[in-house]
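Student: Protein chains in written order, with the numbering used here: chain A, -16 to 476; chain B, 2 to 1516.
Just so you know, not all the hints are guaranteed correct.
What the hints assert, rightly or not - Straight-line distance between alpha carbons at most 25 Å, and here's what the computed BS3-like set of lysine-lysine pairs gives:
#1 B:Lys123 to B:Lys288
#2 B:Lys497 to B:Lys728
#3 A:Lys(-1) to B:Lys497
#4 A:Lys199 to A:Lys253
#5 B:Lys1156 to A:Lys(-3)
#6 A:Lys117 to A:Lys28
Unchecked claim - One-sided excerpt, in silico: chain B residues whose CB lies under 7 Å from chain A:
#7 Asn449
#8 Gln810
#9 Met1133
#10 Met1134
#11 Arg1135
#12 Pro1143
Don't read these hints as lab results, they were simulated from the structure. Nothing here was measured: the structure is a model prediction, and the numbers come from that model. For glycine and all other residues, C-beta sits at the position ideal for the given N, C-alpha and C.
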Amino acid sequence: MTKKNEDKSRGFLKYKREMPARRPVSERVLDSAEVYFPFPEEALKTQATRCMDCGVPFCQAGCPLGNRIPDWNHFVHLGNWKEAYDQLRMTNNFPEFTGRICPAPCESACVLGVIDSPVTIEQIEREIIEMAFKQGWVDAGTPAVRTGKHVAVVGSGPSGLAAADQLNRAGHWVTVFERDDRPGGLLQYGIPDFKLEKHVVERRIALMEQAGIVFKTGVHVGVGADGETLSAFDAVVLCIGATKPRDLPIPGRETDGIHFAWNYLWQQNKRVAGQPLDHVSPILAKDKHVIVIGGGDTGSDCIGTANRQQAASITQFEVLPMPPEGRPVHQPWPFYPMILRSSSSHEEGADRHWSVMTKYFETENGRVTALHTVKTEIQTGPDGRPKFVEIPGSEVRWPADLVLLAIGYTGPDPDGVVARLGVPLDGRGAIQTDGAYQTPVPGVFAAGDGRRGQSLVVWAISEGREAARAVDTYLVGSSRLPTKGGGDLPFVR
Amino acid sequence: MNNDHLLPSEGLYDPAFEHDACGVGFICRMRGEGTHDVVDRALTMLCNLDHRGANGCDEASGDGSGILTQLPHGFLEASCREAGFALPAAGTYGAGAVFLPKDAEQRRYLMQLVESVILDEKLQFLGWRQVPTDNRTIGRTALEREPSVWQLFVGQGIEDLTSEAFERRLFVLRKVLEHAIRKTPADGANGFYICSLSSRTIVYKGMLTTQQLRDYFPDLADPRFVSRLALVHSRFSTNTMPQWALAQPFRAMCHNGEINTLRGNTNWMNARQAHFESPLFGNDIAKLLPLLEEGTSDSAVFDNAVEMLLHAGRPIPHAMMMMVPEAWEHHESMSDEKRAFYNFHSCVMEPWDGPATIPFTDGRYIGAVLDRNGLRPSRYVVTKDGLVVMSSETGVVNIDPSDIVQKGRLQPGRMFLIDLEENRIISDDEIKHRIASSQPYAFWVAENLKQAEDLGPIPPASSTIDADTLHRAQLAFGYTSEDLRMLMPPMIVDGKEALGSMGDDTPLAVLSENPRLLYDYFRQLFAQVTNPPLDAIREEIVTSMFTSLGAQENVLGEGPLHCRQLRLKGPIVSNELLARIAELDEPGFEVERLATLFPVARGGEGLLAALEVLCRQAASAVDAGKTLLVLSDRGVDADNAPIPALLATGAIHHHLIRTGRRTRCSLLIESGEPREVHHFCLLIGYGADIVNPYLALDAIPSILESTPGETPERGDAEWNYIHAVEKGVLKVMSKMGISTLQSYRGAQIFEAVGIGRSVIDAYFTKTPSRIGGITLDIIAEEVRLRHACAFEAASTASLAVMHVGGRYQWRRNGEHHNYNPQTIARLQQAVRQNDASSFAEFSGIANTEAREQGALRGLLKIRAGQKAIPIEEVEPWTEIVKRFKTGAMSYGSISSESHEALAIAMNRLGGRSNTGEGGEHPSRYDRTAPHRSRIKQVASGRFGVTMAYLASADEIQIKMAQGAKPGEGGQLPAEKVYPWIAQVRHSTPYVGLISPPPHHDIYSIEDLAQLIFDLKNANPEARISVKLVSEVGVGTIAAGVAKGKADVILISGADGGTGASPMTSLAHAGLPWELGLSETHQTLVRNGLRSRVRVECDGQLKTGFDVAVAALLGADEFGFATAPLVAMGCIMMRKCHLNTCPVGIATQDPELRAKFQGTPEHVIQFFHFVAEEVRAILAGLGFRSLDELVGRVDLLEQDIPAHRWKASHLDLSAVLMRLEVPRILADFQTNTQEHGIARVKDNELIARAAATLETGEKDAFSVTIENTDRAFGTMLSNAIVRRHGPAGLPDGTLTIDARGSAGQSFGAFSVAGLTLRVEGDANDYFGKGLSGARLIVYPPASATFAAEDNILIGNVALYGATSGEAFVRGRAGERFGVRNSGVRAVVEGVGDHGCEYMTGGCVVVLGTTGRNFAAGMSGGVAYVLDVDGTFASLHCNREMVDIETVETAADQAELRGLVERHAAYTGSVQARRLLAAWEQALPQFVKVMPVEYKRALKRMAAGEYATVEIRHVAA
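All chains should be modelled from the sequences, with the hints used to inform the complete structure.
Tutor: Following this line, the structure appears as structure tokens:
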């Protein structure tokens, strides 16, 4: 038995970073499909060769899941996809999601980034899991033995799914409650298809059902009589997300034509999925002058969606100053930096403006017609904290037909299940828990954005996994479920 | 005898680790009667060996010296008459030399006891004579412990005994006395010791300097005190607590060297004594037990064993051959008969292994043996009138050259013997032939000793295990992903151990919060200073890995059954071979299987019960005649977990030793647990005879599956793995200087860290374990956790995940690393942004992690001291940083950019950077150069060590060991030897460089003292520092180093280290600095030596807290290596050995070097931050300077978090012990070392060469020289370089003629322009580091011996020489030209290992060579006169060289030119003879040409390297 593989030790010197190409803008804005072309297997193996197999893999510290990145890169380099997949699945229930929509803090932390462009970790992750699905290696994870314990997971977003998957693997009977008509939470109805095609989500949900997880959709736990059903469970995990959008309480806000991004994106996802939308009035961008307030990922998703709806123009505001293209001094490698990031949606067309604060909406006949803004700069206030100061004379009027507010979420819905179970919120408005993800209400746990505050999908999965381990320990005294271990890189602001 | 002579252990100091090394010698008259002259000259010889001994803090107290002579009957008869009793005829009485207490009452009690025992033993008490002593000159310490010295006389009584029988009776008497007195109340026994008791010989010895011996014992000056022989010894103890009783000679021998395997030899001997049987002793045999005086010294115990063999009927040469066999295993030209003798005796006893010259005598024979590797010098002279003088050095006794018939040296493994009855020297061949043919050994061996081949063909591995079963077994035995991905593949694929870099920054097993294998609690010991490590690769001929199974017979007898054993080539066996052995089951080979499992649910109590059962089962199996005990952990299931194989092995091994059964059986370990080299080392070190790692072997097919690159077939892979393990074990053995597996077995060359006393005492008896630790309960819990992984997870199969390991690379959930993403990121952020808050983040994390999961210092807390003071009152940071140094990282291992950045930073700070062992570019020598390294390192490879290099130093550091791989030499892989590196190292581009494991001029402590002396001569203004690595006993070594006159002692922690190293060494050798530093400080203070030296500490120092703890534990200065590298951008890639460092630090690749982003400012920032933290701590304690902190261990207290499930068992009180000693001893470096520079001969040379030094004018003069004139020409050379620059003077400027015997290190580092001639001979280290001078040695004109047949210069000539010439008319000893990189030399014969590790220059040998010529030779050429055509087949190590004829005209001209000049310079008869018939002579020469060198020369000739330009950073 002999085989030949290139020595990987100088791969990072030989090869440059390479990503799959995106489909032409003109073509992709006409559909809602994936924006990237497929990537050849050989090219991907070459990219894996760039991994230096570091003595201290900062990428793993940068990854909130603790993905064993050098280990799977090693096996991809060898073409041993099965082993690569085995390494990947140890830390990540859903690589098919993070492989597509993660901002990849691992790549910000990649050591190769010190001297060159980092390894294409996210792309490699995506290809490993797709290969695993193709080869049929992805098993449902049906446990051999059941503990007889029942756990309710409230919410089927990434943290709920992760918690459910882990708890089910540990042998508990898991029921997932979802108030919408399909499970997946923001994966299903928040993220546009061009970033995450829904069959990818459905594929996973189907597997989980096959493994014995029960999904109860259309059940809004805590509203109506359903709250009572939770008492039948040995433990409850609240993975209800941070769904309360941050509002912009300025004059004219109540006018028609101003919407929270979530509502806009939710509609479009339903539409793409071919689901009826008869009970809501449609929000559509076609031929409209669209202004997106908020420079984050959600704002970016709005831009992509609006372009696909053939908006007349799209403008994006961000209250913060334009970030630098390179790392700012105070956010050195390996920390996750605030830099100028341009998504595929930006590539498709949008006018971006920074240091812009909206002062009021101009309306006509109950509809929004324009925005009035002012430029700001950041100054240090008397309390030593930075604050926005308006620059005199910088007022601008922006005509607009549709305004989308994508300025974040403040926390979980304080009513509903939270109120029903009597779970207290903390000062930030997030669900209060101890170090083991348990709320002050015994047997009630929380994970994900609802506990952590608005964050990344990858953090949501991580929270779901860790919480599952805590629940498992609560139920049976100890847990053999894995934990990612310590070592997370801090956020440096 | 009682143990009073040893101080009790206290704190970390333990007298068990004392070492000694010595000057030895003897004189005898082969013919005629005894004379007083023999005694007198022997005493003179001893004085001339004074520099090989040492003194304590109290200069007048020697470490011990003594003399053994024949009984001077006339003198004694007269003296006894004066004492009031008469002696019978010579030979019919025995005389004892006895130390008795000074207290008269105690003495009377003991004397009465002695007298009554003599009567009980049916001998006749004749009388006591008090030996006159004069203690006026002896030192205070010696005086405090001075005994009352007596002689005891014992008659034969009524019986008429033969001399041998009488000696035997006296031996029994002495043993009975020793045992009887040990039983008396301690007070009564105080000070009792019998130096000798014999009818033939007597010993005078004491805690005396060589000069004092003569004065102290007026007897020795009495002209009636005559003898035909005199054996003398002068001791250099590493400790200044030497004892009167441990002075030598002992009863049958004295010893210069060290028995490395003492613990094992002692255990085996103790196990054997239960089976002692001898018709010569009959029932008396029981009276001898216990035979060994444990707790004394290695030499004393060796003496006990020799005596036993001797009195049980073996002639003393026979006994010595058994105990110190020559390296016969790979000796092709050894006679069959001798080989059979050694083979037979290897079934009877394991070698007592270690460097040793052992002069011995039984009164009839006198002689000496040298260890198999020839690591001690032994020179002899025979005169025309039959006087034989043998000693560590030549020239120690004045002998007229015209009287000399022979000058020789003792060769490795050879015996030099004089028979005083036959009045002649008996050659090694003759005596060994005589002994080897005394029994039909060859026949016995052929009939009884079964070989592996006799078992028939062993089938190849074929069994397969399903993946799930394999996986589960791996989980149960704690396999990690790293084991399968990093550790095992190189072993399986390449047959090599994996390499790693950047030290080990993971916690000790006991500090880890993860379960760890029991192996991880043990650290390998290694040789440093007091004995040399071996090079098991280059010097493989002295090693042996065979193992024998079966029972050992009575060691006192001999017969065919003694060798009824099964001989295997190595200790690691395949599943199939083990199965075949287990099937043997025939007489002598009966098998018993013992299951080493325990019910996991029962925890520690279940484990204890299981061990007790196992021990009982093993004992009854032995009683039932079973000789092969298979300890097997097959059969692990849901209920039964494996007992750690090491625990099972240790438990049974020690139980069988204690009950006298161990030698009756072999232990065969069948275990799924061992996989790393370290595991096997431990199993063997604690008694395993063979190990079958069945699970590691079963894992091979799946590992091959997932390994990149070309992989071998399974059978080859299995062979590779076994081979790699065996090579690894050999390497570990050789780090301790042990050459045979037989001696390593059971030698327990380990220290435990974090194992509690109860476990150690029961299962690892006498293993040091100084800070307590885990119990059986914890061990059981660790097993349970692993077992649970495999079996509890069964219910959720998909969750059974293998642990990541994380030992070698950081991983989440893996072992903690000090350098992890957070600490590295914060440190780099701090220095780059000059951000104190980021540094506070960094040090906060580092200190917290140290407490929660890191280092021992994390378990210590600094007590609140006096009132805090404002920080402004503390000395400024700029003062503190002057104590900081950067670590020794060679130019070559790291890039010039990073090497120079460090130097620039340290020079700006007023600290010191260190060259490392790769030399330094001459452009950096200038004292004003901003990138000069103030510390110049001298390591075993001596790369770039020239006079100019040394002269440019402020401090010269001798690297004895390095933290990452103590006991091994550095290596620079070929791909990093770029031309600019090769230039600085005086080597060839792209030829890999290997430093020898030992310094070949340091095989013992007195050799180190010599090197310190040499370097002090080379640069009298530089401080000399000695770098040691923390291990148990390092304190006593440091004490020896202080006595060897080092100015600075560096205690390096084993966790540091930046170089490439085998993972076994990286992870398992050496200790953290906390232990080593504390032990060192305590021992130095205790011995009053602390005041003479500065103590430095390094090893993962990172924060102000680290520095403060180190200071509190006794450090004055502080070294940092990893942290400054990280500050400059190192991201702990741990690929230093691959030349692919992505941040341009540990690489020479220009493309990668361009990516280096570090600056001197980064380093300065780092040290600034650390120093500020130190200031804050000082202020908090109310101290104004760091000096006030040093040694204030009382300010530290133990503070272990209670939740630490393992660490909470530790007890650090030994580390924190503060000795109460007089102020004068406790103060730190109040005195400087007295190097004796003012007394060296070179002062005279410099004065006489004043004119030449001034103007460079030509001159010549003559001087006399003695063996005490050492490092001749060295200080003169320093003076030349200082005046005239690195190039020295023009050739032929100054010629000095010296007449006599040159001392060691003649011409060391001497420079161009000098010609140094010796008419006479020279000792060891001739031409060490030669830097351009011409050295010439020839015998005196009056000598009549043939120079070419005699030894003119000692061992290890031209070590590390870089340029110059040497012409030696006569033969040289072992290792001529070792590491020569440029000298051209002619010599008329050399010993073993000639031209070893040579990288350049040219050596012509006009005579025979010993074995292993050219081992490790990668450059230069040698021409050897191969008269009998055996050179290629028997003498040359051809691994790296080709043997060619001298064909080209250029070669012929070069050779002839050198021979002609040799003839002209030395008057060589041999050279003239050859030149007279050159055409006939030429074909007899062979050219030894290194293969890689030839290739490089070709490439150079083709201009391949021409374009490379050497770039230097402008500061």
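Student: Check the hint pairing Lys497 of chain B with Lys728 of chain B against an upper bound of 25 Å on the C-alpha distance.
Tutor: 8 Å, holds
Student: The hint names Arg1135 of chain B as touching chain A; please verify it with the least Cβ-Cβ distance against 7 Å.
Tutor: 3 Å, holds
Student: Does Pro1143 of chain B hold up as a contact with chain A if the rule is Cβ-Cβ below 7 Å?
Tutor: This interface hint holds because 6 Å falls under the 7 Å limit.
Student: Grab the minimum C-beta distance from Met1134 of chain B to chain A and call the hint holds if it beats 7 Å, violated otherwise.
Tutor: 5 Å, holds
Student: Taken at face value, is the distance from the CA of Lys497 of chain B to the CA of Lys(-1) of chain A at most 25 Å?
Tutor: 33 Å, violated
Student: Closer than 7 Å between Cβ atoms is the bar; does Asn449 of chain B clear it against chain A? Give me holds or violated.
Tutor: For Asn449 of chain B, the interface hint is violated, since the closest Cβ of chain A sits about 43 Å away, which is over 7 Å.
Student: Sort out whether Lys28 of chain A lies within 25 Å of Lys117 of chain A, counting only the CA atoms.
Tutor: Roughly 17 Å between the alpha carbons, so the hint for Lys117 of chain A and Lys28 of chain A holds.
Student: Going by Cβ atoms only, is Gln810 of chain B closer than 7 Å to chain A?
Tutor: 5 Å, holds
Student: Would you check the hint for Lys1156 of chain B and Lys(-3) of chain A, treating anything up to 25 Å between C-alpha atoms as holding?
Tutor: Holds, at about 15 Å.
Student: Given the hint that Lys199 of chain A pairs with Lys253 of chain A, does the C-alpha gap stay at or below 25 Å?
Tutor: 19 Å, holds
Student: Against the 25 Å threshold, does the CA-CA distance of Lys123 of chain B and Lys288 of chain B hold or violate the hint?
Tutor: 14 Å, holds
Student: Quick one, is the Met1133 of chain B hint okay against chain A at 7 Å, beta carbons?
Tutor: It holds, given that the least Cβ distance between Met1133 of chain B and chain A is near 4 Å, below 7 Å.
In this structure, the earlier hints numbered 3, 7 are contradicted, and the remaining ones agree with it.
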